[in-house]
Amino acid sequence: MAVIEVKNVQLTYRVLMNRTGSLKELFRDAIKGRVRINNYVALDDVSFSVDKGEVVAVLGKNGAGKSTLLKVLARVLPPTAGSVTINGKIAPMIELGAGFHPELTGAENVVFYSTLMGRDIKKTKAKLFEIGEWAGVTDHMNFPLRTFSSGMVARLAFATATSETSEVLLVDEILSVGDANFQEKSRNRMNEMIRNGAAVVLVSHDMNAVRTLATRAIWLERGKVKMSGDPEQVVSAYEKSFQ
Amino acid sequence: MQSLQLIRLLVGRELTLRYKRSVLGIGWTLLNPMLTSFILWIVFSFIFASRLPDGTQYAPYLMAGVLFINFINQGIQAAAEAIAGNGAILTKVYVNPQIFTISAALASLTNFAIGMIPLTIVIYISGQTLVWTFPLVFVVGFFLALLIAGIGLILSIMYIRFDDTRNIVILLLMILNYVTPIFYPIGILGERMQKIVNLNPLTSYADCLRWAASNNANATLLDWTVVIVTGFLSPIIGSLVFRKFWPRTVAML
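Top line first, the protein sequences correspond to chains V and G.
Using this note's numbering, the letters of the first sequence map in sequence onto residues 1 to 243.
Using this note's numbering, the letters of the second sequence map in sequence onto residues 1 to 253.
Simulated from the structure, these hints should not be mistaken for lab results.
No residue lacks a Cβ here, since even glycine has one placed at the ideal position from N, Cα and C.
Where hints are given, some of them may not hold.
Pair by pair, the computed Cβ-Cβ distance ranges are [claimed, not checked]: (1) V:Asn191 x G:Leu173: 51 to 61 Å; (2) G:Leu17 x V:Asn188: 32 to 42 Å; (3) G:Thr129 x V:Ala30: 51 to 61 Å.
Derived lysine-lysine pairs resembling DSS-like cross-links, with alpha carbons at most 30 Å apart [unchecked claim]: (4) V:Lys52 x V:Lys7; (5) V:Lys122 x V:Lys185; (6) V:Lys224 x V:Lys52; (7) V:Lys52 x V:Lys127; (8) V:Lys52 x V:Lys185; (9) V:Lys61 x V:Lys224; (10) G:Lys244 x V:Lys89; (11) V:Lys123 x V:Lys185; (12) V:Lys7 x G:Lys244; (13) V:Lys122 x G:Lys20; (14) V:Lys185 x V:Lys125; (15) V:Lys226 x V:Lys240; (16) V:Lys7 x V:Lys185; (17) V:Lys224 x V:Lys240; (18) G:Lys20 x V:Lys125; (19) V:Lys185 x V:Lys89; (20) V:Lys89 x V:Lys122; (21) V:Lys226 x V:Lys61; (22) G:Lys20 x V:Lys123; (23) V:Lys127 x V:Lys185; (24) V:Lys52 x V:Lys89; (25) V:Lys224 x G:Lys244; (26) V:Lys226 x V:Lys89; (27) V:Lys240 x V:Lys61; (28) V:Lys24 x G:Lys20; (29) V:Lys127 x G:Lys20; (30) G:Lys20 x V:Lys32.
I would like the entire structure built from these sequences, with the hints used as guidance.
Structure follows, in structure tokens:
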């Protein structure tokens, strides 16, 4: 059984064509019958599935729908048509640390972030020390996050997101967290999760990373799947399109 | 289960952040309604105190009114802003967004509950005593939190879609403050105005609150019915509207 099953997914953004998002103006325009709505198709008939242990890389230019696709997979954006089925827990590694607050301590932030991701609060509290140690911020866990360096915040976020095994990893360009040493460490942890059977969907502009990590690649253009298959072939076709 | 844990964390977070930012910390929550009430008392006690029905004291009447309207003003604004303010989270991690609105309403309820301490002080100073019905103030508070959560759910959709909702809401809240008997006794109004104010369900909430705290107003069975019915209906309707519009709205965050 596939871990991720995407069937004919379509996502349309509705854009009001009045100048600002103002209730007064909308009201005025509605009276005059001038409300115009434009549909912007971000994803169009996208289908694919991801099995256990597979790493699927999504390629495409800016605005091709990559981030929208990740958000649909993370269940944040409901698709306009089609369906997404995901069997298992999702670890969305999209702009890590989105729930972090500078005034709260490292430990408080870890607990909050984990609970947001649907993890049990007691389990997280038991793992606090381990998470802090892995991120290399043990001494700082009880200080407000604003006293952390940006590298420390990123490391803590990564350590929290990956502290529990998940069946699905959604990765948005985060393979470059921290210094070289930590990058090595985080890459190892990702590989370990993949070996343990996690399904990974990865959005990246780094073609070398795609070549080495991915087992399959999907090329999106204007919301449609232009090509999918062996990463080597898709990447070279994609790179050719720039020439 | 997990939602409850998250609500508890969010309420705690809301409160610690609020108190961390102010020098006086939690003291401000105690002091603020007392100072506001004191100023209003100086200004209005000459005019209104004699117009209250017999046995009613103006100081606790005013204080309960101030705590009540602060709860509504802050609660509705916080609940309406909760989802837009946490947009960064909601576009990255899947959480039921309604949790943020509910948590904001509950955080305001906690502040209201803390405000009951200075209210008891004012009740004693004014020469009244607490009555056995006092715990019912928390029941009124709870239903008010439900009412606020429901209104907040509908408003939060509009806050995301239209930038000027905020200004309109502030204006509407101001009007609402005046058509609720907060600092004036309802008896000073003309007959037609009285009818309008009595149609406002918040008048029932205020009556129930004052009656429960120190038997300082008349609360009829109808008032309690209004409190319970609006309190239950609001989050149900709010949630229905919210779920209908949310799929379209989340894309705008």
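These are the hints, each one checked on the structure:
no. : hint                            : verdict
1   : V:Asn191 x G:Leu173: 51 to 61 Å : holds (55 Å)
2   : G:Leu17 x V:Asn188: 32 to 42 Å  : holds (36 Å)
3   : G:Thr129 x V:Ala30: 51 to 61 Å  : holds (56 Å)
4   : V:Lys52 x V:Lys7                : holds (18 Å)
5   : V:Lys122 x V:Lys185             : holds (26 Å)
6   : V:Lys224 x V:Lys52              : holds (24 Å)
7   : V:Lys52 x V:Lys127              : holds (26 Å)
8   : V:Lys52 x V:Lys185              : holds (22 Å)
9   : V:Lys61 x V:Lys224              : holds (12 Å)
10  : G:Lys244 x V:Lys89              : holds (26 Å)
11  : V:Lys123 x V:Lys185             : holds (23 Å)
12  : V:Lys7 x G:Lys244               : holds (23 Å)
13  : V:Lys122 x G:Lys20              : holds (25 Å)
14  : V:Lys185 x V:Lys125             : holds (23 Å)
15  : V:Lys226 x V:Lys240             : holds (14 Å)
16  : V:Lys7 x V:Lys185               : violated (35 Å)
17  : V:Lys224 x V:Lys240             : holds (18 Å)
18  : G:Lys20 x V:Lys125              : holds (23 Å)
19  : V:Lys185 x V:Lys89              : holds (23 Å)
20  : V:Lys89 x V:Lys122              : holds (18 Å)
21  : V:Lys226 x V:Lys61              : holds (12 Å)
22  : G:Lys20 x V:Lys123              : holds (27 Å)
23  : V:Lys127 x V:Lys185             : holds (18 Å)
24  : V:Lys52 x V:Lys89               : holds (13 Å)
25  : V:Lys224 x G:Lys244             : holds (28 Å)
26  : V:Lys226 x V:Lys89              : holds (29 Å)
27  : V:Lys240 x V:Lys61              : holds (13 Å)
28  : V:Lys24 x G:Lys20               : violated (37 Å)
29  : V:Lys127 x G:Lys20              : holds (26 Å)
30  : G:Lys20 x V:Lys32               : violated (49 Å)
Of the numbered hints stated above, those contradicted by the structure are hints 16, 28, 30, listed in ascending order.
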